[in-house]
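Protein chains in written order, with the working numbering: chain A, 1 to 302; chain B, 1 to 437; chain C, 1 to 244.
Because the hints were derived from the structure by calculation, they are not lab data. No incorrect hints appear here.
Heads up, simulated DSBU-like pairs for lysine-lysine below, C-alpha to C-alpha not over 35 Å straight-line:
id, chain 1, residue 1, chain 2, residue 2
1, B, Lys332, A, Lys113
2, A, Lys111, B, Lys332
3, A, Lys149, B, Lys332
4, C, Lys229, C, Lys170
5, B, Lys315, B, Lys431
6, A, Lys45, C, Lys94
7, B, Lys332, A, Lys236
8, C, Lys94, C, Lys53
9, A, Lys236, A, Lys56
Just so it is clear, the structure is predicted and the values come from calculations on it, not from any experiment.
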Amino acid sequence: MDMTEQLEPISALRATNEQPQEQSMNDALNSEQSTSQEKFNTVGKPLLNGAKAKFKMRDVDVFYGEKQAVFGVDLDIGKNEVIAMIGPSGCGKSTFLRCLNRMNDTIEICKVKGSIELDGMDIYNSKLDVVPLRARVGMVFQKPNPFPKTIYENVAYGPKIHGLVRRRSEMDEIVETSLRRAGLWNEVKDRLHQPGTGLSGGQQQRLCIARTIAVSPEVILMDEPCSALDPIATAKIEELIAELSQNFTIAIVTHSMQQAARVSSRTAYFHMGKLIEVNPTKKVFTNPEHSLTEAYITGRFG
Amino acid sequence: MNKSSPDTSTSNGLSHSDLAAAMERNLKRRYRSERRFKAFGIASIGVGLLALLVLFTEIIGTGMGAFRQTYVTLEVTYDTEVLGIEAVTPESLALANFDGIVRRALLNQLPEVTGRTAKRQLYALISYAAGYQLRAMLEQDPSLLGETRKVTMLADDDLDTYVKSVRADDPFIGRLSEPQVEWINQLEAQGLVELKFNTNFFTSGDSSEPEQAGILGAVMGSLFTLIVTLALSFPIGVAAAIYLEEYASRNRFTDFIEVNINNLAAVPSVIFGLLGLAIFLNFFHFPRSVPLVGGLVLTLMTLPTIIISSRAAIKSVPPSIREAALGMGASKMQMILQHVLPLAMPGMLTGAIIGMAQALGETAPLLMIGMVAFIADVPGGITDPATVLPVQIFLWADSPERAFVERTSAAIMVLLAFLITMNTMAIWLRKRLERRW
Amino acid sequence: MDKLQLDQHISQQFNADLENLRTELLEMGGMVEKQLIDAVLAIETADAKLAEKVLENEKGVNDLEVSIDAECTEILARRQPAASDLRLVLIVSKAVRDLERMGDEAAKIARMALELSQEPAPVHGFIELRHLAENVQKMMNDALNVFARFDVNGAIKVMREDKKIDREYKSAMREMITLMMEDPRSISRVLNVIWALRSLERIGDHARNIAEHVIYLVHGRDVRHVSIKQIEKHIEKQIDTNSL
Numbered sequence: 001m002d003m004t005e006q007l008e009p010i011s012a013l014r015a016t017n018e019q020p021q022e023q024s025m026n027d028a029l030n031s032e033q034s035t036s037q038e039k040f041n042t043v044g045k046p047l048l049n050g051a052k053a054k055f056k057m058r059d060v061d062v063f064y065g066e067k068q069a070v071f072g073v074d075l076d077i078g079k080n081e082v083i084a085m086i087g088p089s090g091c092g093k094s095t096f097l098r099c100l101n102r103m104n105d106t107i108e109i110c111k112v113k114g115s116i117e118l119d120g121m122d123i124y125n126s127k128l129d130v131v132p133l134r135a136r137v138g139m140v141f142q143k144p145n146p147f148p149k150t151i152y153e154n155v156a157y158g159p160k161i162h163g164l165v166r167r168r169s170e171m172d173e174i175v176e177t178s179l180r181r182a183g184l185w186n187e188v189k190d191r192l193h194q195p196g197t198g199l200s201g202g203q204q205q206r207l208c209i210a211r212t213i214a215v216s217p218e219v220i221l222m223d224e225p226c227s228a229l230d231p232i233a234t235a236k237i238e239e240l241i242a243e244l245s246q247n248f249t250i251a252i253v254t255h256s257m258q259q260a261a262r263v264s265s266r267t268a269y270f271h272m273g274k275l276i277e278v279n280p281t282k283k284v285f286t287n288p289e290h291s292l293t294e295a296y297i298t299g300r301f302g
Numbered sequence: 001m002n003k004s005s006p007d008t009s010t011s012n013g014l015s016h017s018d019l020a021a022a023m024e025r026n027l028k029r030r031y032r033s034e035r036r037f038k039a040f041g042i043a044s045i046g047v048g049l050l051a052l053l054v055l056f057t058e059i060i061g062t063g064m065g066a067f068r069q070t071y072v073t074l075e076v077t078y079d080t081e082v083l084g085i086e087a088v089t090p091e092s093l094a095l096a097n098f099d100g101i102v103r104r105a106l107l108n109q110l111p112e113v114t115g116r117t118a119k120r121q122l123y124a125l126i127s128y129a130a131g132y133q134l135r136a137m138l139e140q141d142p143s144l145l146g147e148t149r150k151v152t153m154l155a156d157d158d159l160d161t162y163v164k165s166v167r168a169d170d171p172f173i174g175r176l177s178e179p180q181v182e183w184i185n186q187l188e189a190q191g192l193v194e195l196k197f198n199t200n201f202f203t204s205g206d207s208s209e210p211e212q213a214g215i216l217g218a219v220m221g222s223l224f225t226l227i228v229t230l231a232l233s234f235p236i237g238v239a240a241a242i243y244l245e246e247y248a249s250r251n252r253f254t255d256f257i258e259v260n261i262n263n264l265a266a267v268p269s270v271i272f273g274l275l276g277l278a279i280f281l282n283f284f285h286f287p288r289s290v291p292l293v294g295g296l297v298l299t300l301m302t303l304p305t306i307i308i309s310s311r312a313a314i315k316s317v318p319p320s321i322r323e324a325a326l327g328m329g330a331s332k333m334q335m336i337l338q339h340v341l342p343l344a345m346p347g348m349l350t351g352a353i354i355g356m357a358q359a360l361g362e363t364a365p366l367l368m369i370g371m372v373a374f375i376a377d378v379p380g381g382i383t384d385p386a387t388v389l390p391v392q393i394f395l396w397a398d399s400p401e402r403a404f405v406e407r408t409s410a411a412i413m414v415l416l417a418f419l420i421t422m423n424t425m426a427i428w429l430r431k432r433l434e435r436r437w
Numbered sequence: 001m002d003k004l005q006l007d008q009h010i011s012q013q014f015n016a017d018l019e020n021l022r023t024e025l026l027e028m029g030g031m032v033e034k035q036l037i038d039a040v041l042a043i044e045t046a047d048a049k050l051a052e053k054v055l056e057n058e059k060g061v062n063d064l065e066v067s068i069d070a071e072c073t074e075i076l077a078r079r080q081p082a083a084s085d086l087r088l089v090l091i092v093s094k095a096v097r098d099l100e101r102m103g104d105e106a107a108k109i110a111r112m113a114l115e116l117s118q119e120p121a122p123v124h125g126f127i128e129l130r131h132l133a134e135n136v137q138k139m140m141n142d143a144l145n146v147f148a149r150f151d152v153n154g155a156i157k158v159m160r161e162d163k164k165i166d167r168e169y170k171s172a173m174r175e176m177i178t179l180m181m182e183d184p185r186s187i188s189r190v191l192n193v194i195w196a197l198r199s200l201e202r203i204g205d206h207a208r209n210i211a212e213h214v215i216y217l218v219h220g221r222d223v224r225h226v227s228i229k230q231i232e233k234h235i236e237k238q239i240d241t242n243s244l
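Kindly generate the complete structure, drawing on both the sequences and the hints.
Have a look at this one:
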């Protein structure tokens with residue numbers, strides 16, 4: 001369906017006598033890659049005061065071979081905030097998230113342009129080693145993916161490969177605190193040496209979170225962490241996210257708008273590779289600024 | 001949906017009863033064709049099973065005989081005169097005429113035999129091996145010199161065949177002459193002929209005399225060849241598979257390699273034999289008929305199989321595990337060694353064992369590098385001349401003696417037993433390793 | 001043209017639900033409007049029957065309030081609406097309450113009409129009453145139209161009208177006080193008229209609320225307790241930022 005035709009009337013909701021301007025914005029969205037030159041302006045407040053920003057992304061483009069997946073994104077992620085990224089499938093939000101710990105490196109044809117700084121350090125610097133970066137910026141994936149090892153080994157894996165501990169007792173401590181913080185300790189303390197894959201889906205995902213926080217990252221990226229879980233398990237993860245946000249910066253990609261509304265303090269809306277709107281979650285879900293955001297969160301396309 | 005008259009008619013105007021009748025007819029037809037389809041499948045399986053049954057009965061029927069061997073018990077006197085020695089020393093043993101005391105024993109048992117031709121025919125009833133047996137006994141116990149003992153000796157293959165056929169109520173005389181048959185019957189009547197388990201078959205190498213021929217040489221040859229093959233093809237195959245799956249970028253060059261690997265898997269094995277002949281024998285001047293070269297050739301042959309199955313195994317490792325490892329900050333090598341390989345191992349092992357089983361049954365390439373030679377000694381290492389089980393089968397199948405026919409079948413049974421064992425091992429390994437996750 | 005694009009959801013049922021909500025609210029609005037007209041007419045013509053009919057119909061208005069509110073709850077539970085949909089459901093729920101109050105006030109006027117119809121003598125103050133009633137009726141009609149069209153400019157107009165009505169109510173009150181001082185015997189009757197005036201003024205307030213809801217619906221900004229000037233300024237600003 002043609003986007004312009006579908007969206008134009010929605011803009012009428014906003015005000016009655018501003019059709020030409022809205023029209024031109026939709027044109028800009030729909031036109032091809034030329035827009036990467038004439039930069040697209042995100043509405044809302046994508047940038048924070050310099051001091052508060054943990055991640056600073058400026059003019060980030062991502063290409064898959066010839067195809068551009070993300071167009072000139074400017075965004076700050078603040079310290080200890082939970083930012084949710086929403087948008088229709090294929091809008092580039094996951095791709096963008098995976099840039100933040102260079103998980104896109106594994107895809108050969110994927111090229112990232114622009115600057116992404118973590119505490120002022122350019123993470124796409126050619127001299128930078130991704131191993132310590134990924135220890136600082138952990139990731140939780142869509143499908144719970146514990147290693148086919150014991151629960152203990154799963155959590156101990158990160159500290160082990162990064163050489164964080166010397167003695168067995170230290171490791172025991174890290175495993176316990178990580179599992180406690182992930183709210184899993186009471187459920188698994190008696191079967192630490194049983195396979196992690198024997199846990200339920202929600203427990204597996206919490207195990208993955210425990211595994212991630214075992215290396216004390218500063219930022220946790222979550223790529224649709226609850227999409228494979230039932231509502232109860234989802235609620236537990238969401239509760240966990242709220243707790244973790246006191247100590248960690250969390251960026252979460254989700255398909256569930258209600259989830260974004262529940263867990264995040266800021267919400268970023270992506271559409272066709274462009275960052276359309278970034279605003280406090282409260283504002284996005286009651287009164288979004290951009291008509292595309294509005295159309296998406298009210299279920300008018302998606 | 002038509003709400004106005006939901007009971008009588010459907011949206012396309014047909015009444016429900018019409019539809020039901022049509023469906024009923026259609027349903028019956030569908031069930032019939034379904035049954036027919038199923039019957040075809042069952043019939044095909046039946047044909048396959050029948051063929052297998054015929055094969056097995058035939059092979060087992062002919063081959064079982066080889067596991068029993070006829071022995072003749074005679075009173076043997078270690079007569080110093082006949083032996084031509086005074087005392088037991090290594091030198092004297094080498095010179096002693098053990099065949100002479102065997103012959104004397106035969107003549108003692110059947111005194112009525114006279115004349116050169118008749119005597120020669122009589123002597124032919126006992127295997128040459130009897131002389132070696134007596135020598136070994138004397139060597140072990142020198143006090144036997146001058147004594148008389150009842151000794152059970154290996155019978156000749158013609159006697160063996162005859163006795164077995166008589167016992168099976170289907171007398172087969174073959175090359176035996178009439179007096180020979182008569183003597184055998186006499187020995188039999190005196191209770192001197194007996195059938196015993198043929199240990200010789202499993203403990204000795206090939207021989208031109210069927211009663212002495214065994215498969216240990218071929219088994220050891222196969223074993224050494226397979227060890228060489230496994231030691232080379234598994235690491236090389238796995239390493240190649242890992243590179244192709246995890247490191248190689250997808251471009252024309254890797255596509256080309258992939259196509260070639262797939263083609264190699266389909267190349268007739270005799271070509272690999274020619275390649276081995278050209279490279280290993282003619283160029284590198286490796287010795288002929290040795291398991292080392294056989295293993296090298298079979299490595300070439302099994303590599304594509306192992307690479308393909310290993311790649312499939314690596315591919316089947318869920319990407320989520322890779323992502324998890326990388327996301328935790330593991331390096332690529334850590335990811336492969338700690339996560340991908342353990343998960344892919346069952347599949348890789350299965351592929352390797354199937355490749356090995358294939359190599360075990362291979363004849364053609366080995367003929368090319370001279371492993372078809374007649375080798376009576378059991379090989380002791382990978383550089384000793386040897387033959388392998390399928391080649392041994394091929395050789396025996398070619399021999400005219402009736403006793404070799406049953407040995408051929410028996411060797412096939414041994415080969416099949418090996419193959420079944422290996423396949424069972426593959427299944428067991430897969431089950432066992434998979435259960436850990 | 002439907003400015004809220006209620007028919008643009010992927011879920012057809014959601015479209016229907018929201019559209020239904022809006023239609024029912026307008027239907028209820030029409031009902032309350034009729035009640036008001038009848039009640040005022042009953043006072044003017046001292047028609048006890050009509051007044052009784054208004055009191056009877058009050059029940060229908062209440063039932064509609066309950067059923068529309070239940071629908072709002074259902075939509076909230078089933079659809080978890082967001083943004084403009086959420087605002088629509090919220091303001092329908094609130095507007096329903098306003099309409100029900102308006103209905104209550106109309107019923108109060110009808111009750112006054114019943115009492116006044118018992119009086120033999122003509123009642124003073126009817127002119128003021130009729131004048132205010134006309135204005136309030138118009139304002140209420142405007143408010144419902146504003147809701148039907150989600151018309152922000154119209155909504156601001158309605159809010160301005162409310163000021164006018166307040167002024168008229170005050171002057172009518174002064175008039176009534178004068179009447180009572182002139183003729184103390186008429187106090188009880190005039191008091192009834194005062195109650196009716198008071199109800200009319202309340203109806204005007206509720207109509208203003210509905211207009212405010214429409215502004216919240218369209219602009220996402222709560223304009224209760226905000227001066228009209230500020231609202232206009234805000235709307236100007238929003239149009240400016242959106243046209244960037």
